[in-house]
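Residue numbers (the numbering used here), protein chains in the order written: chain A, 11 to 280; chain B, 11 to 280; chain C, 576 to 881; chain D, 576 to 881.
Because the hints were derived from the structure by calculation, they are not lab data.
Note that the coordinates shown come from a computational prediction; the quantities given were computed from them, not determined experimentally.
A few of these clues could be false.
[Claimed, not checked] Some chain C residues well away from chain D (every beta-carbon gap over 10 Å; in silico):
| hint | residue |
| --- | --- |
| 1 | M590 |
| 2 | L694 |
| 3 | E805 |
| 4 | V810 |
| 5 | E828 |
[Stated by the list, open to error] Just the calculated beta-carbon pair ranges, DEER-fashion:
| hint | chain 1 | residue 1 | chain 2 | residue 2 | range |
| --- | --- | --- | --- | --- | --- |
| 6 | D | E693 | A | G93 | 57 to 63 Å |
| 7 | A | E261 | D | D669 | 17 to 23 Å |
| 8 | B | D39 | C | K656 | 57 to 63 Å |
| 9 | A | L206 | D | T733 | 51 to 57 Å |
| 10 | A | D149 | C | T746 | 54 to 60 Å |
| 11 | C | T746 | A | E37 | 42 to 48 Å |
| 12 | A | S13 | B | I190 | 18 to 24 Å |
| 13 | C | T731 | D | K720 | 35 to 41 Å |
| 14 | D | T746 | C | S689 | 27 to 33 Å |
| 15 | D | K666 | B | D39 | 50 to 56 Å |
| 16 | C | E591 | D | G759 | 45 to 51 Å |
| 17 | A | V80 | D | D811 | 54 to 60 Å |
For every residue, glycine included, the Cβ atom is placed at its ideal position computed from N, Cα and C.
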Amino acid sequence: MVSDKPRIVKVLDVREESQTVRSLIFEDDPCSKAKPGQFVMVWILGVDEIPMSISMTKADGLAGFTVRKVGEASAALFDMKVGSLLGVRGPYGKHFTNIIGDVMIVGAGTGLAPLMPLSEVLTQNLSSIYMIIGGKTIDEFVFVDRARATLSKTKSEIIITTEDGSYGTKGLATDAMEPILKERQIDMIYTCGPELMIKKVLEIAQEFSVPIQASLERIMKCGIGICGSCCIGRYRVCKDGPVFDSPKLEEIIDELGSFKRDHSGRVAMI
Amino acid sequence: MVSDKPRIVKVLDVREESQTVRSLIFEDDPCSKAKPGQFVMVWILGVDEIPMSISMTKADGLAGFTVRKVGEASAALFDMKVGSLLGVRGPYGKHFTNIIGDVMIVGAGTGLAPLMPLSEVLTQNLSSIYMIIGGKTIDEFVFVDRARATLSKTKSEIIITTEDGSYGTKGLATDAMEPILKERQIDMIYTCGPELMIKKVLEIAQEFSVPIQASLERIMKCGIGICGSCCIGRYRVCKDGPVFDSPKLEEIIDELGSFKRDHSGRVAMI
Amino acid sequence: MQEPDLSIEISSLKMESPLMLASGILGTSIDLLRRVFEAGAGAVVTKSVGYEQRTGYNNPTIVEVYGGYLNAIGLSNPGIKEFHKELSRSKIDDLPLVVSLFGADPLEFREMISLLDELEVKAYELNISCPHVKGFGAEVCQDSKLVGEIIEAVKTETQKPVFVKLSPNVTDIVHTAKLAEDTGADALTVANTFRAMAIDIETGRPILANKIGGLSGPAIKPIAVRCVYEIYQNVDIPIIGCGGVVDWEDAIEFFLAGATAIQIGTGIAYEGLSVFEKIKQGVKDYLIVKGKRSVREIVGLAHGFR
Amino acid sequence: MQEPDLSIEISSLKMESPLMLASGILGTSIDLLRRVFEAGAGAVVTKSVGYEQRTGYNNPTIVEVYGGYLNAIGLSNPGIKEFHKELSRSKIDDLPLVVSLFGADPLEFREMISLLDELEVKAYELNISCPHVKGFGAEVCQDSKLVGEIIEAVKTETQKPVFVKLSPNVTDIVHTAKLAEDTGADALTVANTFRAMAIDIETGRPILANKIGGLSGPAIKPIAVRCVYEIYQNVDIPIIGCGGVVDWEDAIEFFLAGATAIQIGTGIAYEGLSVFEKIKQGVKDYLIVKGKRSVREIVGLAHGFR
Ligand SMILES: Cc1cc2nc3c(=O)[nH]c(=O)nc-3n(C[C@H](O)[C@H](O)[C@H](O)COP(=O)(O)OP(=O)(O)OC[C@H]3O[C@@H](n4cnc5c(N)ncnc54)[C@H](O)[C@@H]3O)c2cc1C
Ligand SMILES: Cc1cc2nc3c(=O)[nH]c(=O)nc-3n(C[C@H](O)[C@H](O)[C@H](O)COP(=O)(O)OP(=O)(O)OC[C@H]3O[C@@H](n4cnc5c(N)ncnc54)[C@H](O)[C@@H]3O)c2cc1C
Ligand SMILES: Cc1cc2nc3c(=O)[nH]c(=O)nc-3n(C[C@H](O)[C@H](O)[C@H](O)COP(=O)(O)O)c2cc1C
Ligand SMILES: Cc1cc2nc3c(=O)[nH]c(=O)nc-3n(C[C@H](O)[C@H](O)[C@H](O)COP(=O)(O)O)c2cc1C
Ligand code: FES
Ligand code: FES
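Assemble the whole structure, with the sequences as input and the hints as a guide.
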C-alpha cells in the first residue's frame, strides 16, 4: 500500500563537475517534476540519508543532483558508478518563487545546484540575470559552462570572483553585487552557498531594498517537518524552507551565519 | 480518518406495517442509494447488530428498512421511536439484476422488504409483474397497499394466498405459480421469504426453465465477506449474495431449505 | 526463464504456494475453505475450534478502522465434537487443511487432537494468542509455563506438524518464540491481532459489543514484520508471517524478514479472494526480476546488512 | 451558547487547550516549541533529553509506512548541561513547557532534575518507553522495580508535576500504569510508539539505519485508545492520550476513552501545524452540539456502557 518510502533508482549517468564535485543522474518521475530550489532525501544504502538539492530536471523523467565530497555520506555518493542504486524521497520543501524580472543570482560551490534549474526557468521567462559565481580559487568552480549556455538565451551576464584572483575578478562574490545594484533596478536576488556569504548577500540586499530568496542548509533527518533537527529560529529548513524570503531571513538573522545545530541538537558556531 | 464504521442516524419516521412489523425511516446518503436487494448492518446500540434489507429508498437521502419482531434485537428495533438513534453500515451485497421484462415475484412476510424497491424499479422499466404474496393468515400481510400502488403503474397483477384461506386464495404462494407459468412467458422470477418457500420456487422455476433470483438469509457478523459466519455452500450470503441467481442456487441446493448455521457455526436443520 | 517455484514445505506440510489463509477468516466451513484453496491459497487454516461450543460475542463483532479492522468474534465455534463430525463427512484428503485449536489447558488440547488426529487434517495451529477472550488466547501466551506444557502435550499426541500462533501483545515475543521452539513447535505463526478498540463519538459507545477486540490489517504490518525479523534471528524453525498482507510487496517484505510462508486474513476485505492470485503473480514477477528460481531463496534476505 | 471551555489542569499545569505537542516532534528548540504553542498547543513537550550528549542513529531515521511513520532517531540530544544552558538563555516563563527526560537509572533522572528545577519548566515527562534504544526507554518500562525507583527518586527531587510516559510494548500496560500511580506519578502519557520495521523490497534492506524503530500515527490509534480506556478503569491520576491523533474525531475518541489531554506528534506530518487549530475547532463544535460547557465533561464518557 502506498506511502512515501524511498524509491530505489539506478544511477544512469555520472558527470564530473570538478575534482570533488559530481552530478548523478537518475530516472524518477516525482524528482523530474521538482521545482527549482526543492531538495530530495538521498538514501545511500547502508551509509546515510542526506538532503541534496535537485540540480537538474528533464521532461523525460530524469533528474539529478550534484554532490561535493565532504564526509562519509557525500564521499559514498561521489563514488557511485553508473548502475549504482540509491533511494530517493521527495522532492520536498519550498521552491524559489516569482521567477521573472531582472534578477541577480549569487552562488558559490555546490550552492549553485538549486540555482541552475532556477536560472533555466528564469531565462525561459525571458529574465535578465546577473549571475555572480564566487569561489576561493579556480579549481572549485562548477556549472560555469552550463550557466553560460543558459544565460546566453537572454540579456544576461556572468561575473566570476575568486578570493585569490586565479579566475575572474579577485574578491568575494558579494563584492561584485554593489556595483550592479547601484546601476540597475534588480527585482530579486537569489542566493545559495556558504551561510556567511548568504548573510552578507542579505545585508547588501537590505541596503538596496531589494527582496531576496536564499536557500539554506541544516541537518535533516525527516525532511518533512516533524523531527525538528533542521530548525533555524522558529522555522524548519525542510518544510518552511529551504528557500527563505527576506522577511523570514530577517527573523532568523541572529542565527544566520552564526550558529547551527549538530546531529545531537547541540548548538555550534558556524 | 475515513473508515467504514457504523454511521449514527436518527429514526425520522416509524411506520406500522402490521402488528409485528414496522418500517423505520432515517436519513443516510449511502443507504438512499442502495440498489434493490442490498442490505444494511443495523447497530442497535447496546443490543446487537443485525442485517436488514433496505425496503425503501428516496432521492432526498432517506432510506428505510422493515423489521419483524422476532428476538431481542428485532424487538428492540421494533420498539424504536421517532428520534431514536441507531447505527448503519452498508449498503452491502449483491443486488437484483436484469430488472426488466415480464417477471414474477414471489414473497412472504418481511421477505417482501427487498422485493418492494425491486418492483418499483421494475414498473419504472415498464415491466409486467405477477406478484404472488403468501402468508399463513390474514394478519401477517405487509406492503399489500404499497404493492398495489406500485403495480398499478404497469400491466401487472397481485395474487394473495393464505394457508387458511382468510385472505386471497387458499394455499401456498408457490401453488399460485404454476398456472401463470403454464400460460405466460416469464423472463425472471424473483423471490424472498422462508427458505422452504424459496426452495420450492426454485424447483418450480427449474421445471419451467425460468431463471430465478432469490435473496437468502444467514447469520451475519461482518457483513463484508471475511468472517464466514454467513456461509452457504461455497458462498457468503453477505458478499456473494444475498441475491443469488439460478446457477448458484443450484450449487447450494443441498443446503437450501435444509440446514443453516447458528452463531457458533454449528449446523442446524431448518 | 523458467517459472519460479513457489512451493514450500513446513515440516511435513507441502504447499504449492506460500500464501495461506489465516485462521478465522472464512474458515467456518470446509466448502468455503476449499473455495479459498481453489482461489490460490497454498494451505487453509480453519477458524479456531475449542473444546466446548461457544456462541461468541454479540454483534458488533467487527468494525473497520483506518488502516485495518477490529474484531471481537469471541472464539465462536461449534465445539470439537461437532467440528469432528463436520470434518468426517467432508472430503478433505486433497485439501491442505490446517486446523486451528484454542483451549484453556494442555488437557483440552490433547483431547481435541486425539479426536481429530485420525482425520486427514494436515497440520494443527495452536491459537494461544486470541487477544480478546479471557482464559484462552493471549493470556495463555503470556504464561510461559502453560505455553510449554500445551505444546509438549500436543506433540505427544500427534505426529502431524504443530504450528504455534504467537501473540504480539507481549513484552518479548522472542522469548515466547524460543520457548515454543524448545518445547517442540514445528513452526511459528507470527502474529495474531493487537488488543485495540474504537469508540463511536456520536454516542460515546465502544463499538464492539465486547468493547475491546483485535486489530488486523495494514496498520499492524510494520509491527508483524518486526516480530518476524526478530524471531528469525533467534529460532531455527520456520516462521509463518501474518499481519496486514494486502499486496505482493507486503508478502515480499515478510519473506525477506524471514517468513517461509505468509497468511492472509484482512487482505480479503480489501482485495477479495483474488488477493491470492494477485499476490502470487506479483511474487512470481519479483522472483523473475531478481533472478531467483524459488521463493525459498529470498527468505530472510533482509538479515545480515550492517 | 457560550464558547465551550477547553482549558484543563493536570496537577499544577494549567493549559488553555487540552492539545499538547508530543515529545520528539519539533521539540529541538525553544523557538520551535514556542511556534507550536502559538499554533494552538496547550502545552509543549521537548524532545527527550538525557544525561549525556547523544548523536543518535544515522539516517534514515524516519520512514513513512501505510498508516503512519517509523522513527529511530536514537534519542539524539545535546546532553542535560547543554540543554540547561539553552533553557537558561531563553525566555520560557510564559511557555507551558514540559521537559521530557530519559535516563538509565534513578540517579541520572535525579541529577537532570536537580539541574533543571530552578528554571521555569512547568512539568516533566519521564520517557521510560522509547522502543528502539537499548538501556533506556522500553527496557526501563519493562522493569517494574526500576520504574518505581525512578519515579520515587524524581518525586523527591521536584515539586513540579511529573508525567510518566508508558510503553505499549508490554504484556500488561495497566500494571505499569498502576505502579507509576503508586510510586507518585502525577499523570500518565499513554503511549509511546510500537517497535516495528520496514524493509525495502528492491534491495532487501531494512530501511531505518537502526533497522527497528517506533511506529506512530493513525495505525496505532485503536491500540492507544484501548490502552487509555483500560488504564482509566484502573488508575485515578489524569491520562494524557497519545498515538495517531490527526483529526478532531480522534481527539474526541481519546477524551471519551478517559484522556484528560491528548498529545499530537505525527498528526503534524499529515496536517501541518494547523492541526492544533483544526482539532480545537472540531472539539469546540462537538461540545456545542453535545451541549457541554467544558471538554472536561466528556472525559471517560465511553465507560459504563453495558
Ligand atoms: C536543503 C539542502 C540541500 C543540500 N544540497 C546539497 C547539494 O546539492 N550538494 C551537496 O553537496 N550538498 C548539499 N547539501 C548538504 C549535504 O546534505 C551535506 O553537506 C552532506 O550531507 C555532507 O555530509 P556528509 O555526511 O558527507 O559529511 P559529514 O562530514 O558527515 O558532514 C559534514 C556536514 O554536512 C552536513 N550534514 C551532514 N549530514 C547532514 C544531513 N543529514 N542533513 C543536512 N546536513 C548534513 C552537516 O553540516 C555536517 O556538519 C544540502 C543540504 C541541505 C540541507
Ligand atoms: C441479508 C439479510 C436481510 C434481512 N432482512 C431482514 C428484513 O428486512 N427484515 C427483518 O425483519 N429481518 C431481516 N433479516 C433477518 C434479521 O436479520 C433477523 O431475523 C433478525 O436478526 C432477528 O433476529 P433477533 O436477534 O431479533 O432474534 P433472535 O431470536 O436472536 O434470532 C432469530 C433468528 O434470526 C436470525 N439472526 C439473528 N441474528 C442474526 C444476524 N446477525 N444475522 C443474520 N441473521 C440473524 C437467526 O436465524 C436467528 O436464529 C435479514 C437477514 C439477512 C441475512
Ligand atoms: C474476523 C477475524 C477473525 C479471526 N479469528 C481468528 C481465530 O479464530 N483464530 C486465530 O488464530 N486468529 C484469528 N484472527 C486473526 C487472524 O488469523 C490474523 O492473525 C490477523 O487477522 C492478522 O492478519 P491479517 O492482518 O492478515 O488479517 C481473526 C481475524 C479476523 C479479522
Ligand atoms: C520523529 C519522532 C520522534 C520522537 N521522539 C520521541 C522522544 O524523543 N521522546 C518520546 O517520549 N517520544 C518520542 N516520540 C514518540 C511521540 O512522542 C509519540 O509518543 C508517538 O509518536 C505517538 O504519537 P503520534 O502518533 O501522535 O505521533 C517520537 C515520535 C516521532 C515520530
Ligand atoms: S528535517 Fe525533520 S523537521 Fe526538518
Ligand atoms: S457475514 Fe461475515 S462473511 Fe458474511
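Next item on the list: Would you check whether the claim that L694/C is not at the interface survives, using Cβ distances to chain D and the 10 Å cut-off?
Entry: 35 Å, holds
Item checked: Assessment of proposed distance window 35 to 41 Å (beta carbons of T731/C, K720/D) -> 38 Å, holds
Notebook entry, point to check: Between D149/A and T746/C, does the C-beta distance stay in 54 to 60 Å?
Noted result: Cβ of D149/A to Cβ of T746/C: about 58 Å, so the range 54 to 60 Å holds.
Check: Do the Cβ positions of V80/A and D811/D conform to the proposed distance bound of 54 to 60 Å?
Finding: For D811/D against V80/A, whose Cβ atoms are near 55 Å apart, the range 54 to 60 Å holds.
Notebook entry, point to check: Was V810/C rightly flagged as not at the interface, with every chain D Cβ beyond 10 Å?
Noted result: 17 Å, holds
Note to self: For E805/C, is the shortest CB-to-CB distance to chain D above 10 Å, so the non-interface label stands?
What the structure shows: The assertion about E805/C is violated, with a minimum of 8 Å to chain D.
Notebook entry, point to check: Between L206/A and T733/D, is the Cβ distance one that fits in 51 to 57 Å?
Noted result: Given about 42 Å between the Cβ atoms, the range is violated.
Checklist line | Satisfaction of the hinted span 45 to 51 Å by the C-beta atoms belonging to E591/C and G759/D | finding: 60 Å, violated
Notebook entry, point to check: Minimum Cβ separation between M590/C and chain D greater than 10 Å?
Noted result: The claim stands: M590/C keeps its Cβ more than 10 Å from every Cβ of chain D (closest is about 22 Å).
Item checked: Pairwise beta carbon distance, D39/B to K656/C, judged against the given window 57 to 63 Å -> Since D39/B and K656/C have Cβ atoms about 48 Å apart, the given range 57 to 63 Å is violated.
Notebook entry, point to check: Regarding E693/D and G93/A, is the given constraint of 57 to 63 Å on their beta-carbon distance met?
Noted result: Holds: the Cβ-Cβ distance is about 59 Å, inside 57 to 63 Å.
Notebook entry, point to check: Lying within 42 to 48 Å: is that true of the beta-carbon distance T746/C to E37/A?
Noted result: 45 Å, holds
Violated hints, listed in ascending order, are 3, 5, 8, 9, 12 and 16; each of the other numbered hints is respected by the structure.
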